[in-house]
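Peer 1: Protein sequence lines, in the order shown, are assigned to chains S and H.
According to the numbering used here, the first sequence is numbered sequentially starting from 1.
According to the numbering used here, the second sequence is numbered sequentially starting from 1.
Check the hints yourself; a few may be wrong.
With the Cβ distance kept under 8 Å, some of the chain H side facing chain S (calculated, not the full set) [claimed, not checked]:
| # | residue |
| --- | --- |
| 1 | 10 |
| 2 | 24 |
| 3 | 27 |
| 4 | 51 |
| 5 | 53 |
| 6 | 61 |
| 7 | 64 |
| 8 | 107 |
So, partial list: chain S residues that the calculated Cβ filter (under 8 Å) puts toward chain H [as the list claims (entries may be wrong)]:
| # | residue |
| --- | --- |
| 9 | 25 |
| 10 | 28 |
| 11 | 32 |
| 12 | 39 |
| 13 | 42 |
| 14 | 48 |
| 15 | 49 |
| 16 | 51 |
| 17 | 54 |
| 18 | 84 |
| 19 | 87 |
| 20 | 108 |
| 21 | 109 |
It is worth saying that the hints were derived from the structure and are not from the lab.
Positions of the beta carbon are idealized from the N, C-alpha and C atoms, including for glycine.
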Amino acid sequence: AQSVTQLGSHVSVSEGALVLLRCNYSSSVPPYLFWYVQYPNQGLQLLLKYTTGATLVKGINGFEAEFKKSETSFHLTKPSAHMSDAAEYFCAVMDTGRRALTFGSGTRLQVQP
Amino acid sequence: DAGITQSPRYKITETGRQVTLMCHQTWSHSYMFWYRQDLGHGLRLIYYSAAADITDKGEVPDGYVVSRSKTENFPLTLESATRSQTSVYFCASREGERRNNEQFFGPGTRLTVL
């Protein structure tokens, strides 16, 4: 069975600072990994995904993530935080059988002015 | 409207009542899913469907029933609501078998069981 662990339920950064949200996964097969963002009272929006190929993946809104097989990690980064980045972020791994997603518990990002 | 919609967006009900949450998608995606979102748990899969008339349990199916008579609709029914089913429910859909196909989410239904 696959699982996802997100370290830090809350992360606070200053505007302009580096954003780093951590995600570790467990999977018995080569994983397909996703980051989603959820703004207040909204559904989930895909930020980026890793399937195969290049391990550094670029997404929307300046976010990127690097797949590191040796560390079983898929951390999300953004060089410079913006106030509009304040949201909840979910890391997820694809369930190969059901095509469903297994989510981490989420990280709420707060951006201080 | 194109996309995936859920209704109602907000629902308050009482313990023991039956409640149905609706989900409709316009893309004719084969796969549809129901998740619930609870603080500290992220999203957990309740039920999923690979095609019309094909449904199967996810991780937390107890107390829920689904059906899928048409490709575009995937209603979720709480047969006898309990307080532990107070949650935000998200419907999602994706196309086909390819693992890298994106899963699209509806706006959610916030359900409160008193």
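Peer 1: For every hint, state whether the structure bears it out.
Peer 2: Now for the hints, and whether the structure bears them out:
The restraint placing residue 10 of chain H at the interface with chain S is violated, with a minimum CB-CB distance near 10 Å, outside the 8 Å limit. Here the hint on residue 24 of chain H is broken, as its CB sits about 14 Å from the closest CB of chain S, past 8 Å. Annotation: interface hint on residue 27 of chain H violated; nearest CB of chain S at approximately 15 Å, more than 8 Å. Using the Cβ-Cβ criterion of 8 Å, the hint placing residue 51 of chain H at the interface with chain S is not satisfied: the shortest such distance is roughly 11 Å.
The interface hint given for residue 53 of chain H is broken, as the beta carbon of that residue sits about 17 Å from the closest beta carbon of chain S, more than 8 Å. With a cut of 8 Å, the hint placing residue 61 of chain H at the interface with chain S is violated, because the nearest CB-to-CB distance is about 12 Å. A distance limit of 8 Å between C-beta atoms decides the matter here; for residue 64 of chain H the minimum to chain S is near 15 Å, and the interface restraint is violated. With its C-beta approaching chain S no nearer than about 5 Å, residue 107 of chain H sits inside the 8 Å limit, and its interface hint holds.
The beta carbon of residue 25 of chain S comes no nearer than 13 Å to any beta carbon in chain H, farther than 8 Å, and the hint placing it at the interface is violated. Checking residue 28 of chain S against chain H: minimum C-beta separation of about 14 Å lies over 8 Å; hint violated. Residue-level restraint check for residue 32 of chain S holds (minimum Cβ-Cβ distance to chain H is 5 Å; threshold 8 Å). At its closest, the beta carbon of residue 39 of chain S sits 11 Å from a beta carbon of chain H; the interface hint therefore is violated under the 8 Å criterion.
Nearest Cβ of chain H to the Cβ of residue 42 of chain S: about 6 Å, under the 8 Å cut. The hint holds. Residue-level restraint check for residue 48 of chain S is violated (minimum Cβ-Cβ distance to chain H is 11 Å; threshold 8 Å). At its closest, the beta carbon of residue 49 of chain S sits 7 Å from a beta carbon of chain H; the interface hint therefore holds under the 8 Å criterion. Because the beta carbon of residue 51 of chain S sits about 4 Å from the nearest beta carbon in chain H, less than 8 Å, this interface hint is met.
With 8 Å as the threshold, the beta carbon of residue 54 of chain S stays out of range of chain H, its nearest partner Cβ sitting at about 13 Å, so the hint is violated. With its C-beta approaching chain H no nearer than about 19 Å, residue 84 of chain S sits outside the 8 Å limit, and its interface hint is violated. Hint status for residue 87 of chain S: violated, given a least beta-carbon distance of 14 Å to chain H, over 8 Å. Interface hint at residue 108 of chain S: violated, since its Cβ lies 10 Å from the closest Cβ of chain H, which is beyond the 8 Å cut-off.
Interface hint at residue 109 of chain S: violated, since its Cβ lies 15 Å from the closest Cβ of chain H, which is beyond the 8 Å cut-off.
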